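Going down the list, the sequences are from chains L and D.
For the first sequence, the positions run 0 to 242 when numbering that gives the first Met the number 0 is used.
For the second sequence, the positions run 0 to 416 when numbering that gives the first Met the number 0 is used.
These are computed hints drawn from the structure, not numbers from a lab.
Every value quoted in this text rests on a predicted model; they were computed, and no experiment measured them.
Among the clues, some could well be false.
Said to hold, decoys possible - Listed below are the simulated DSS-like cross-link pairs for lysine-lysine, each with C-alpha atoms no more than 25 Å apart in a straight line:
id : chain 1 : residue 1 : chain 2 : residue 2
1  : D       : Lys-392   : L       : Lys-93
2  : L       : Lys-106   : D       : Lys-161
3  : L       : Lys-93    : D       : Lys-161
4  : D       : Lys-289   : D       : Lys-161
5  : D       : Lys-377   : L       : Lys-85
6  : L       : Lys-58    : D       : Lys-377
7  : L       : Lys-103   : D       : Lys-274
8  : L       : Lys-106   : D       : Lys-406
9  : D       : Lys-406   : D       : Lys-274
10 : D       : Lys-398   : L       : Lys-110
11 : D       : Lys-274   : L       : Lys-106
12 : L       : Lys-93    : D       : Lys-377
13 : L       : Lys-76    : D       : Lys-413
14 : D       : Lys-347   : L       : Lys-106
Said to hold, decoys possible - Only part of the chain L face toward chain D is listed, based on derived beta-carbon distances under 10 Å:
id : residue
15 : Ile-79
16 : Asp-127
17 : Gly-131
18 : Gly-135
19 : Gln-148
Stated by the list, open to error - Simulated coverage check for chain L against chain D, where a stretch passes if three residues somewhere in it have a Cβ under 8 Å from a Cβ of chain D:
id : region
20 : 30-39
21 : 46-59
Every residue gets a Cβ at the ideal spot worked out from N, C-alpha and C, and that includes glycine.
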Amino acid sequence: MLVIEDLHVEVGKVPILKGINLEINDGETHILLGPNGGGKTTLLMSIMGLPRYKVTKGKIYFRGIDITNLPPNERAKMGIGIMFQKPPSIRGVKLYQIGEITLKDGKDGDKIRNYAEMLNLINHLDRDLNYGFSGGELKRSELFQLLCQRPELVLLDEPESGVDLDNIALIGNVINELLNKVDKVKSRKSSGIIVTHTGYILEYVNADKGHVIMDGKIICHGSPRDLFEEIRKYGYGRCVECL
Amino acid sequence: MSVVNISRREELKRLAESARDKKALYGEDIDLSLFEEPEEKDSVDELSKLPPELQNIAASSGIDITEKDRAGSFVQLDHSVIYQKIQSAYKGQLEIMSITDALERYPELLEQYWWKAVRVDQDKYTAYAELHPVHGYFIRVFPGQKVDRAIQACLLLQENAKMQNVHNIVIIEEGASAQLITGCSIAPKVKEGIHIGISEFYVKKGAKLVFTMIHNWAEGFHVRPRTGIIVEDNGIYVNNYVLLKPVKSIQSFPTAVLEGGNSKAVFNSLIYGLKDSLIDIGSRIILRGKNSAGEAISRAIVADRSRIYARGTLVSQNDDSKAHLDCRGILFSNEGLMYAIPELIADKSPKSILSHEAAIGPIAEEEIEYLMTRGLSKDEAVSLITQGFMDVKILGLPKHLEDYIRKMIELTQKESM
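Between the sequences and the hints, there should be enough to build the whole structure, so can you do that?
Structure representation (structure tokens):
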């Protein structure tokens, strides 16, 4: 589904990603681990095509098509969706409107309300997008938009950060829904990349592969639980040895 | 005319004469001698009998030609009152007529309401309106009547280089409520001209008025409204102002005086500055009654070479009053100007709270990019954010009117991009 070849990315002329190679097949969920500033978010933003993340070298292919130079809206239409860690708020634009815009199969008020109910956001539909939302509400607002969009490749940036324990299970369930985890392994179509700093989300979502990003490079691959267990015990200090 | 009225009229004329050449405090000074006064015209018995061109321009400023959702209508074309009607279901709830007829029928209006909310010698424009009176509307909602459909008034100009000056009085009697939509518009052939509109609103005890004005002018047209509002105990006045077309210049600074305890005034403005428009719009709330409250919200977009002055003044003159100003602007153009002037004046009222927030800035790239990740193109994202910025919901209008103004904003935006 997604192939990244030797990706180099700059933000404000500062090189952040320094040669990322990654391949994600249909139905796979990958976890990105790594210390702050290592390049996890930059990688997600680059896959989504945000203009501030300038690709200086390398290619990104989605379903065999080179998307390296496509704007984010075209990537979204092709089936890539993102959950921001800190989404902006937009005054005057209602959450319901975004539901209508992102809904894959045209305007369907019932579907929008169902998704909002699923995420305890029914009273937020008429509110300004993300304006005055708590940390947990922001995460649920992001997932609501992804449920409407139903992307084939789901990019999740720290989905559990700032979320209380009650909500983390709900968030985990919705992520499983987005990634078709309820379906048989073979029939799963959606793939995902989950950036996690704490690894808590692994309690709720099964991931197939894990990667550690440090200093703009993927320095380690493996089972997500094994990687996380090692990092929990030894921190990222031990990873430095692999750089 | 009674002796009292004769002397009142003479006094007003004297004051107006003294202000004949008095420049307004704000806005470009206009030589009124450049504009002619048009001839009087015949009236019609149904709005649908107006020439199609006039129907279209009336509709473009929020007027419902079918009158389906309206309790009553008033139309003035240039200097002629051509239509006035109350829908049969609303007879006995309100009255609508030209101010000329009203002053004849109710001589006491002159003493009680005429130039009581606006000063006749405020400037040359108020003076002109008194010295050259040419109609305007009189609307009164009777005590306790809740008029559940909007009343509409339409002030149209059909001839080029002419002047329209009207004097309107609206009285919402005790315990009554109403919604008034005034659409001001001009025929396509009108390239220049001037509109002077004196409006005096009286909201009595426990009454409520939602007044919505939609302006639809032309690039060579000057507009000088002069508006005063007096609100009594527990009364509520809401003023919505919408300007989405170019204008040569407009200068207006309506003042609501909250005389009564627990009274409230809200001003909402949605302004789209286009071409070379010089727009100077303000709102002033004087909180005189104990526990009175005010709010002034302004949203302005500066495009092309337009200049927008957004003024707001809150004056507390009694304790326990509270008011807030919220003024925001976006500049789309390198050649435009926005000047936000919020003023807070606490006058011998240490227990009152006045506050303001004002912000001018571009649309955040982060917001555009965020919406692009949801599938919108850059233009679509800018358009959606702009529509959100010009949030029609702040006007608190019925849905059909809200939808109508939203469509107008979309259209304006498409034309200006």
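We went through each hint and held it up to the structure:
Simply put, D:Lys-392 and L:Lys-93 have alpha-carbon atoms about 11 Å apart, close enough for the 25 Å limit, and the pair holds. Pair hint L:Lys-106 plus D:Lys-161 does not hold up; C-alpha atoms about 49 Å apart against a cutoff of 25 Å. Note on L:Lys-93 and D:Lys-161: the hinted pairing is violated, with a Cα-Cα distance of about 44 Å set against a maximum of 25 Å. Restraint check for D:Lys-289 and D:Lys-161: the C-alpha separation of about 45 Å exceeds 25 Å, so the hint is violated.
Distance restraint check for D:Lys-377 and L:Lys-85: the Cα-Cα separation of roughly 21 Å lies within the 25 Å cut-off, and the hinted pair is therefore satisfied. Only pairs whose Cα atoms come within 25 Å are accepted, and L:Lys-58 paired with D:Lys-377 is accepted, the gap being roughly 23 Å. Restraint check: the Cα-Cα separation between L:Lys-103 and D:Lys-274 comes to about 39 Å, which exceeds 25 Å; the hinted pair is violated. A C-alpha spacing of about 19 Å is found between L:Lys-106 and D:Lys-406, which places the hinted pair at or below 25 Å, so the restraint holds.
The straight-line distance between the Cα atoms of D:Lys-406 and D:Lys-274 is roughly 20 Å, inside the 25 Å bound, and the hint therefore holds. Proposed proximity of D:Lys-398 and L:Lys-110 is supported: the alpha carbons are some 23 Å apart, at most 25 Å. With a C-alpha separation of about 36 Å, the suggested pairing of D:Lys-274 with L:Lys-106 is violated against the 25 Å cut-off. Our distance criterion of 25 Å between C-alpha atoms is met by L:Lys-93 and D:Lys-377, whose separation comes to about 18 Å.
Of the pairs offered as hints, the one joining L:Lys-76 and D:Lys-413 holds, with about 23 Å between alpha carbons and a cut-off of 25 Å not exceeded. A C-alpha spacing of about 56 Å is found between D:Lys-347 and L:Lys-106, which places the hinted pair above 25 Å, so the restraint is violated. Annotation: L:Ile-79 was flagged as interfacial toward chain D, and the flag holds, the nearest CB pair being 8 Å apart, inside 10 Å. Of the supplied interface hints, the one on L:Asp-127 holds, with its beta-carbon coming within about 8 Å of a beta-carbon of chain D, less than 10 Å.
At a threshold of 10 Å, the smallest CB-CB gap from L:Gly-131 to chain D is about 15 Å, leaving the interface hint violated. Because the beta carbon of L:Gly-135 sits about 19 Å from the nearest beta carbon in chain D, more than 10 Å, this interface hint is broken. Among the interface hints, the one on L:Gln-148 holds; its C-beta lies about 7 Å from the nearest C-beta in chain D, closer than the 10 Å criterion. Counting residues of the region 30-39 of chain L whose CB lies closer than 8 Å to any CB of chain D gives 0, which falls below the minimum of 3, so the coverage claim is violated.
With a cut-off of 8 Å between beta carbons, the region 46-59 of chain L has 4 residues touching chain D; three or more are needed, and the interface restraint holds.
The earlier numbered hints that this structure contradicts are 2, 3, 4, 7, 11, 14, 17, 18, 20.
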